[in-house]
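Can you make the complete structure from the sequences, with help from the hints?
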Amino acid sequence: MKRFAPLMALLVLVLSACGREDLSALNPQGPVAQEQRDLMLISILIMSIVVVSVFAISIYVLIKFRRRKGDNSIPKQVEGSHKLEVIWTVIPIILLVVLAVPTLKSVFSLAKDYTEDPEALQVIVTAHQYWWEFEYPELGIKTAQELVIPTGKTISIQAKTADVIHSFWIPSLAGKTDTNPDGNVNKMYFSAPKAGVYQGKCAELCGPSHGLMDFKVKAVEPSSFERWQIAMLDTVQLPSDSEIASAFESQCLTCHAVGDYGGGAFPNLTGIGSRESVAGILINVEEGEIEYKHEDTVYNNLYKWIKDPEAVKPGNHMTGAYQLTDEEVAGIAEYLSNLTLDFE
Amino acid sequence: MAHAHAHAVKRRTGIMDWLTTVDHKKIGIMYLLAGGFFFLIGGLEAILIRLQLMFPQSDVVSAQFYNELITMHGTTMIFLAAMPIIFGFMNAIIPLQIGARDVAYPFVNALGFWTFFFGGLLLNISFIAGTVPDAGWTMYAPLSGTTYTEHHGTDYYVIGLQISGIGTLIGGINFLVTIINMRAPGMTFMRMPMFTWASFITSALILFAFPALTVGLAALMFDRIFNGNFFNPSAGGNVVLWEHIFWIFGHPEVYILILPAFGIISEVVSTFSRKRLFGYSSMVFATVLIGFLGFMVWAHHMFTTGLGAIANALFSIATMLIAVPTGIKIFNWLFTMWGGSIRFTVANMFAVGFVPTFVMGGVTGVMLAVAPADYQYHDTYFVVAHFHYVIVGGLVMGIFAGMHYWWPKMFGRMLSEKLGIWTFWMFYIGFHLTFFVQHFLGLLGMPRRIWQYLDGMGLNNLNFISTIGALMMGVGTIMFLINVVITMRKPKNLSNDPWEDGRTLEWTIPSPAPEYNFAQTPLVRGYDAWWHEKMEGNTKMTPVEPIGPIHMPSPSILPFFMAVGLFIAGFGFMYSKPADWGTTGLIIGAAGLLITFGCMALRSWFDDHGFHIEEEEILKDQGVKA
Numbered sequence: 018m019k020r021f022a023p024l025m026a027l028l029v030l031v032l033s034a035c036g037r038e039d040l041s042a043l044n045p046q047g048p049v050a051q052e053q054r055d056l057m058l059i060s061i062l063i064m065s066i067v068v069v070s071v072f073a074i075s076i077y078v079l080i081k082f083r084r085r086k087g088d089n090s091i092p093k094q095v096e097g098s099h100k101l102e103v104i105w106t107v108i109p110i111i112l113l114v115v116l117a118v119p120t121l122k123s124v125f126s127l128a129k130d131y132t133e134d135p136e137a138l139q140v141i142v143t144a145h146q147y148w149w150e151f152e153y154p155e156l157g158i159k160t161a162q163e164l165v166i167p168t169g170k171t172i173s174i175q176a177k178t179a180d181v182i183h184s185f186w187i188p189s190l191a192g193k194t195d196t197n198p199d200g201n202v203n204k205m206y207f208s209a210p211k212a213g214v215y216q217g218k219c220a221e222l223c224g225p226s227h228g229l230m231d232f233k234v235k236a237v238e239p240s241s242f243e244r245w246q247i248a249m250l251d252t253v254q255l256p257s258d259s260e261i262a263s264a265f266e267s268q269c270l271t272c273h274a275v276g277d278y279g280g281g282a283f284p285n286l287t288g289i290g291s292r293e294s295v296a297g298i299l300i301n302v303e304e305g306e307i308e309y310k311h312e313d314t315v316y317n318n319l320y321k322w323i324k325d326p327e328a329v330k331p332g333n334h335m336t337g338a339y340q341l342t343d344e345e346v347a348g349i350a351e352y353l354s355n356l357t358l359d360f361e
Numbered sequence: 006m007a008h009a010h011a012h013a014v015k016r017r018t019g020i021m022d023w024l025t026t027v028d029h030k031k032i033g034i035m036y037l038l039a040g041g042f043f044f045l046i047g048g049l050e051a052i053l054i055r056l057q058l059m060f061p062q063s064d065v066v067s068a069q070f071y072n073e074l075i076t077m078h079g080t081t082m083i084f085l086a087a088m089p090i091i092f093g094f095m096n097a098i099i100p101l102q103i104g105a106r107d108v109a110y111p112f113v114n115a116l117g118f119w120t121f122f123f124g125g126l127l128l129n130i131s132f133i134a135g136t137v138p139d140a141g142w143t144m145y146a147p148l149s150g151t152t153y154t155e156h157h158g159t160d161y162y163v164i165g166l167q168i169s170g171i172g173t174l175i176g177g178i179n180f181l182v183t184i185i186n187m188r189a190p191g192m193t194f195m196r197m198p199m200f201t202w203a204s205f206i207t208s209a210l211i212l213f214a215f216p217a218l219t220v221g222l223a224a225l226m227f228d229r230i231f232n233g234n235f236f237n238p239s240a241g242g243n244v245v246l247w248e249h250i251f252w253i254f255g256h257p258e259v260y261i262l263i264l265p266a267f268g269i270i271s272e273v274v275s276t277f278s279r280k281r282l283f284g285y286s287s288m289v290f291a292t293v294l295i296g297f298l299g300f301m302v303w304a305h306h307m308f309t310t311g312l313g314a315i316a317n318a319l320f321s322i323a324t325m326l327i328a329v330p331t332g333i334k335i336f337n338w339l340f341t342m343w344g345g346s347i348r349f350t351v352a353n354m355f356a357v358g359f360v361p362t363f364v365m366g367g368v369t370g371v372m373l374a375v376a377p378a379d380y381q382y383h384d385t386y387f388v389v390a391h392f393h394y395v396i397v398g399g400l401v402m403g404i405f406a407g408m409h410y411w412w413p414k415m416f417g418r419m420l421s422e423k424l425g426i427w428t429f430w431m432f433y434i435g436f437h438l439t440f441f442v443q444h445f446l447g448l449l450g451m452p453r454r455i456w457q458y459l460d461g462m463g464l465n466n467l468n469f470i471s472t473i474g475a476l477m478m479g480v481g482t483i484m485f486l487i488n489v490v491i492t493m494r495k496p497k498n499l500s501n502d503p504w505e506d507g508r509t510l511e512w513t514i515p516s517p518a519p520e521y522n523f524a525q526t527p528l529v530r531g532y533d534a535w536w537h538e539k540m541e542g543n544t545k546m547t548p549v550e551p552i553g554p555i556h557m558p559s560p561s562i563l564p565f566f567m568a569v570g571l572f573i574a575g576f577g578f579m580y581s582k583p584a585d586w587g588t589t590g591l592i593i594g595a596a597g598l599l600i601t602f603g604c605m606a607l608r609s610w611f612d613d614h615g616f617h618i619e620e621e622e623i624l625k626d627q628g629v630k631a
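The listed protein sequences derive, respectively, from chains D and Z. For the first sequence, the residue numbers in this note's numbering are 18 to 361. For the second sequence, the residue numbers in this note's numbering are 6 to 631.
Mixed in with the good hints, there may be bad ones.
Calculated lysine-lysine pairs in the DSBU-like style (CA-CA distance at most 30 Å, straight line) [said to hold, decoys possible]:
id, chain 1, residue 1, chain 2, residue 2
1, Z, 497, D, 86
2, Z, 495, D, 86
3, D, 86, Z, 545
4, D, 81, Z, 539
5, D, 86, Z, 423
No lab work stands behind these hints, which were simulated from the structure alone.
The structure is reproduced here in structure tokens:
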């Protein structure tokens with residue numbers, strides 16, 4: 018591989034111009050995605066040899082051997098050439114061997130099992146029709162839509178689904194793995210050396226809102242991560258306004274949980290006010306920084322979502338599961354937007 | 006001669022002629038018409054998909070309708086457009102290429118067409134019924150099961166494809182038997198034209214791959230209609246099983262589609278280079294090898310399913326191996342042109358354009374074979390780009406090449422070359438605009454099958470370009486249709502060998518071929534039989550028999566009604582649950598089956614010995630042509 022180094026470096030330079038740091042598989046931000054990107058580069062290099070030679074021969078042949086006006090000669094009828102045929106059988110085989118060696122190495126290295134590794138952070142990922150549940154079994158924490166991880170640490174993922182097949186993908190950190198039903202758990206690992214927010218996607222068709230089933234991976238310094246753990250386990254106050262509190266308890270906590278309250282079947286809302294997004298797809302920004310249709314303040318996003326979830330994510334299971342007046346929606350959005358965790 | 010069973014000449018006219026025909030040439034035309042019709046529907050769906058994705062977060066179609074569009078686009082294009090068009094060519098050309106008067110089983114041939122057609126019709130009626138398949142053309146369980154798809158969408162898919170699958174399977178068997186048994190004297194296997202060879206291997210792949218689909222569809226049908234649990238995890242079923250069954254069929258299917266295109270390209274490139282196909286025997290060998298390997302790589306569609314490192318490693322290597330025979334073919338085409346005298350007819354432009362385009366689809370295929378990198382590519386637009394390079398850049402280009410090349414033989418009229426050149430450039434540029442950028446969309450983080458993508462993710466421009474390209478492909482297709490309409494008004498006045506460089510037997514008989522194809526069965530004295538004679542200064546093939554009465558199969562309406570019966574049965578059973586029509590559904594279903602089995606009984610009990618075309622008629626035909 019050494020002799021390819023300068024070419025590889027050039028390709029890296031070209032490709033790093035491609036795509037967002039938090040989204041592009043060509044702009045890897047962790048060792049796993051890095052390894053996968055390197056394999057892409059090797060295969061692109063080898064394959065460009067093939068493409069260039071075919072294109073060159075094509076162009077030469079089409080120009081050189083085009084039929085001139087009035088030319089009615091019969092070309093020599095060649096049956097074939099053993100020499101040439103051996104050449105274009107053997108060369109591709111050599112190229113494929115060159116590609117197969119790093120492929121095999123990587124297949125086995127990426128299949129490494131970290132689920133018993135005490136150094137790794139264990140996370141159980143459960144996909145649901147159109148949201149992601151993240152459970153930290155060692156920490157006793159369950160959250161949703163936003164996977165908070167410490168930088169530098171290996172994250173050991175066990176992925177499964179609660180309904181249909183989804184696929185867990187963080188392009189800039191690691192390739193995807195499917196989430197299968199019924200105890201068929203898939204394992205993978207990744208890590209993020211740099212703090213930051215990375216975009217996660219569902220990559221297997223799972224229903225109308227498949228394309229909207231985004232999540233975020235938030236990598237924070239280990240010290241912040243510790244503060245986050247503590248904050249997540251802290252007690253949570255219910256809304257101070259008693260009317261809002263009773264609406265929240267009777268309409269929301271039947272499915273959702275905050276702190277020790279409520280049920281666990283649907284996304285845990287603890288700390289939702291400091292998440293990057295509402296419902297994974299409505300991005301929270303400060304007022305005045307709104308640039309795109311899917312961005313708004315956390316309060317507005319919460320209001321929009323609770324008011325009409327169907328308009329945000331068609332086919333989701335929240336639509337029609339509750340009845341709230343406009344005042345209650347506003348009150349609950351207000352309460353949730355202030356349900357923040359101070360850990361960064 | 007065989008006048009023991011002399012019967013009156015049976016011929017029908019008008020619409021009844023088409024409904025009852027067992028003539029492979031007419032069935033070929035019907036396949037092309039029906040396949041073309043479904044191609045337009047699938048194309049319209051594609052345009053709608055691209056319009057939805059032209060801008061970020063747009064609402065041209067709803068999320069639900071979008072999923073219906075992608076599902077029906079994939080299903081229609083593969084099963085109802087690409088395969089029937091290929092069968093159209095096989096029907097129209099193979100008997101002519103091997104010097105036969107018809108296929109081995111003309112009646113079965115008609116039955117194959119009608120079951121395909123009514124199966125496809127049933128699938129598309131779902132749009133009218135308002136419950137359209139929406140779980141992707143791969144129909145992964147449990148999304149396609151009754152728990153997550155309560156409406157009848159999946160039922161239309163399962164039963165529609167099951168019925169049209171019967172047509173494909175019996176068509177494949179028919180061509181296997183035809184090619185093995187009905188070659189003219191001297192037409193040994195290693196003298197068969199490349200298109201016939203490729204179709205032969207394709208038919209063998211159909212024979213082994215389609216039963217897997219049939220079993221999968223039957224299991225899914227049991228799950229959905231009779232409350233089975235094959236793919237229901239909560240009752241001990243297994244959803245990964247469906248993935249395996251689907252792809253054990255699905256990957257050979259890719260080669261079922263592409264091999265005949267390889268065959269067409271081989272014929273066209275060789276003809277218009279005025280040169281023998283370079284490395285014919287290695288081409289045959291490569292085709293057979295691709296067919297074999299095609300059955301051993303299905304799990305590369307499932308690298309992210311979690312099969313484990315060993316399975317992923319094995320399937321990675323097996324998949325890479327396919328590049329070797331494919332590479333052999335590519336270089337053989339290039340060296341067929343090398344030293345030739347290349348004429349740029351529209352057919353040849355499509356064939357020449359095919360070669361580098363297909364190579365691009367091929368190299369991304371090898372990239373996808375690298376399992377760890379596939380964890381990134383899988384289910385993104387990179388994959389969408391790859392398989393459209395193979396299927397559109399490969400197969401559809403091959404189809405266009407074949408259309409322009411064999412149109413004179415099928416219809417006795419030449420498509421306009423001038424308009425054809427416009428078609429080619431419009432379609433070719435549109436194609437690359439649409440799909441080249443999609444490689445990058447995938448790598449930049451755009452999953453496939455998504456209804457909307459967010460603004461500000463750096464995906465806007467490439468998606469916009471892609472949509473413009475798709476519209477250009479649409480315009481290109483319309484130009485082709487205009488060409489067809491214009492051409493239909495031209496007089497039928499072509500010679501036997503209108504390209505003048507014809508090499509194979511179909512160019513030794515009138516354009517279009519008479520009902521009996523060959524007045525006298527020809528003697529084949531070498532590879533490229535007709536070219537062989539031309540080079541020896543002969544103006545016609547040496548016949549192996551005197552002119553005499555020709556035995557023909559009788560037309561029959563039974564295949565049509567057998568397919569109608571299956572259509573009615575499928576429709577009835579689909580709605581036979583108590584919540585729908587209940588017993589009425591069952592009765593309708595049973596009535597449909599009764600029609601089908603009744604027709605089968607009629608066919609079995611009443612012998613039909615066919616009829617003879619008499620010597621006088623053949624001589625009259627020849628007199629007119631001479």
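Status of the hints after comparison with the structure:
Between the alpha carbons of residue 497 of chain Z and residue 86 of chain D the distance comes to roughly 27 Å, so the proposed pair stays at or under 30 Å and holds. At roughly 27 Å between alpha-carbon atoms, residue 495 of chain Z and residue 86 of chain D fall within 30 Å of each other, so this suggested pair holds. In summary, the hint linking residue 86 of chain D to residue 545 of chain Z is supported, as the alpha carbons are separated by about 28 Å, within the 30 Å threshold. About 26 Å separates the Cα atoms of residue 81 of chain D and residue 539 of chain Z, which keeps this hinted pair within 30 Å; it holds.
For the hint linking residue 86 of chain D to residue 423 of chain Z, the alpha-carbon distance of about 18 Å falls within 30 Å, and the restraint holds.
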